[in-house]
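> Produce the complete structure using the sequences and hints provided.
Residues per chain, in single letters:
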Amino acid sequence: MNEMLRVDQLQKVFTMHQTGQKRIVGCDHISFSVRKGEFLGITGKSGAGKSTILKCLYRTYLPTGGHIFYASQQFGAIDLASADERKIIVIREKEISYVSQFLNIMPRVTALEFVMESLLELGETVSSAKKKAEEMLDHFIIPEMLWDTFPRTFSGGEKLRLNLARAMVRQSKLLLLDEPTASLDQASKETVRERINELKQNGTTMIGIFHDLDFMDSVVDHNYKLESGVLKEV
Amino acid sequence: MSDLTDRPILNVRDLNKRFGRGCVHCRKPEDLPGLSNRCPYCGSVWACIHVSFDLYEGEILGIVGESGSGKSTLVRSLYFDAPVTSGTGEIASFKEGKANIFTESAQQKRYIKNYLMGMVYQNPWLGLKMDFSSGGNIAEKLIAAGNFNVHQIRQRASKLLDHVEIPLTRMDEKPVHFSGGMQQRVQISKALANNPSILLLDEVTTGLDLSVQARVLDLIRRIQRESHTAMIVVSHDLGVIRMLSDRTIVMKQGRFVESGLTDQILEDPHHPYTQLLVQSLL
Chain R
1 MNEMLRVDQL QKVFTMHQTG QKRIVGCDHI SFSVRKGEFL GITGKSGAGK STILKCLYRT
61 YLPTGGHIFY ASQQFGAIDL ASADERKIIV IREKEISYVS QFLNIMPRVT ALEFVMESLL
121 ELGETVSSAK KKAEEMLDHF IIPEMLWDTF PRTFSGGEKL RLNLARAMVR QSKLLLLDEP
181 TASLDQASKE TVRERINELK QNGTTMIGIF HDLDFMDSVV DHNYKLESGV LKEV
Chain Z
1 MSDLTDRPIL NVRDLNKRFG RGCVHCRKPE DLPGLSNRCP YCGSVWACIH VSFDLYEGEI
61 LGIVGESGSG KSTLVRSLYF DAPVTSGTGE IASFKEGKAN IFTESAQQKR YIKNYLMGMV
121 YQNPWLGLKM DFSSGGNIAE KLIAAGNFNV HQIRQRASKL LDHVEIPLTR MDEKPVHFSG
181 GMQQRVQISK ALANNPSILL LDEVTTGLDL SVQARVLDLI RRIQRESHTA MIVVSHDLGV
241 IRMLSDRTIV MKQGRFVESG LTDQILEDPH HPYTQLLVQS LL
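Protein chains in written order, with full-length UniProt numbering: chain R, 1 to 234; chain Z, 1 to 282.
Hint data in this document are derived by calculation from the structure and do not stem from the laboratory. Treat the hints loosely; a few may be bogus.
Said to hold, decoys possible - Computed cross-link-like contacts, DSS-like style, restricted to lysine-lysine with a CA-CA straight-line distance of at most 27 Å:
1) Lys174/Z <-> Lys113/Z
2) Lys109/Z <-> Lys87/R
3) Lys94/R <-> Lys159/R
4) Lys94/R <-> Lys131/R
5) Lys109/Z <-> Lys28/Z
6) Lys130/R <-> Lys159/Z
Stated by the list, open to error - From the derived model, a few chain R residues whose C-beta atoms are all more than 12 Å from chain Z:
7) Asn2
8) Arg35
9) Lys36
10) His67
11) Glu93
12) Glu117
13) Met145
14) Phe150
15) Ala187
16) Arg193
17) Gln201
18) Gly203
19) Met216
20) Asn223
21) Lys225
22) Val234
Said to hold, decoys possible - Rough simulated footprint, nothing fancy, chain Z against chain R, three-plus residues with beta-carbon under 8 Å:
23) 98–110
24) 130–141
We put the beta carbon where it would ideally sit given N, CA and C, even for glycine.
Okay, structure coming up:
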C-alpha cells in the first residue's frame, strides 16, 4: 500500500498577543504516517492536542514547524503545512473532508441541501446528488420529515449525524474525524461504523480522534495515544 | 469554488489611495509616522496603503476590518468611484490582462463597469435609481452594454428579478417603495445584469434584520455556486465573512495586516489586531 500522509516533526505554537505574548504549545514533535485505505485513531486526554493535530492537517491551524506530506491526486506530493492557500481550497473541495463536532451551516440551507452540496462541489448532477444525499440521511437515521428543514434547531446528535452524512456521502481521499461518535447513541454509532467500513473498503484513508475507546478499537488499523505531548502507537 | 486556475482574473498591486491634498511630509504613505494612516501636518488620510491581492475565478474573497480601515474605499476604487492615487490593476479578460485599469480612459472604465464588473453598495440609493422602476434599473444597465431590444431587456429583467426572489408583479414598481432587503436584492440583480466576471459587494447586509440578512447571504452563495462569479465581499461582520468567503484579508488603517483561509483567520489568527477582532466576536 502507498503512503497517503506523512507527518514529520509537526509543531503548533499559539502566540496570544492580547495576553502579554503568552505562548501556548498545541503540539510538538508529532510524527506519524498513514497508508492509503488505513484508519489511524488518536486518543488522549482533553487538551492533549489531538484536535490541534487534526486542524493542522486540514490547515485550519497554520503549523509553526514541521511538514505534512500528502499524496494529492490533483497536485502530487504536497506539503500541507506550507502549501498555497488556493491549493488547500481545491484539496478541501475535492480530496480531504473534515467532520467537526460543530455544525457550521449557512442560514436557509436545508439538511438535504447541506449534504447535497458536498457532492455538487465534486460536479455531480443535482438528481444524482439528491438521491445519494437522501440515502445517506436515511443511513444516519435522520427522519425524512427533517430533510427539508433548517438544521440550526436540530439536536446535538442530529447535527453530528448530519455532519457525518455530509462528509461520508462522498468518497474522500482523506477523511478527518474529530470525535465522530460523541453524543451518539448505540444505534447511531453502528451506522457510523458501517459507513466507515464501507469507505475503508473503497480506499478512503482516515484519521480520527476518539474518547470512545471500544468504538475506536473496532474500526482503526493503528491506535496512537497522545500523552504529555508525545504520540506513541499503542 | 471553481477548479484551480493559475492566473487570477483580477490582480491588484500597490494600490494607494489618499484623501486630501497631501504635503511634503506625506507624499508617500511610508513617510507617515508609525502605523498611522493620517498625516499629522496636513490631515490627509491614506485610506489604502500598498494594497496588493489576487482574485481568482469563482472564489469569494472576504475583506474585513473596522470602520475606517479602508475596505469600502478599496472596492470603490476598484469600481472607479474613487480615483486611486497610484497602483496597478489588471483584469484577465480586459486587453489580455496587460492594461492598468486605473489609468484607462473614461470610456474604457465605463466598458469595464458595464461588462466586466458589478457593484452592490451598502446604501441602495447609490446603486439604484429610485425614480426608475426595478425593471428600469436593470434595463439601464443592459442598455449601457448595448442591448436595445425591448423584448429581450424585459425578458432578462424578469429572469434576474425572479432569480433574486422579487415578485414579477412588482417589476414596474420603483424600488423606493421596497424594503431594505428587497432594494438590496434589486441591486444585486442589476449588478448581475450583464453577467460580470467580478462582483463587488460592499457591506450588503449591514442594517438588514437577521432574516433578511440570511436571505441575502443565501442568494449571494447561490449566485456564486451557479455562475462561478468571483466576488469581493467587504464586511465588518466576521459572521458574514465566515459564511461566504474562501479566503479573507484583514485591513487596519489602510493596510492589509493578515490574510489567509477564512477558517484559519477565524480560528488561528496571528496578527494582534486580528486576534482582537476575533475575540470580540459575539
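> Does the structure break any of the earlier hints, and which numbers would those be?
2, 11, 12, 14 and 24
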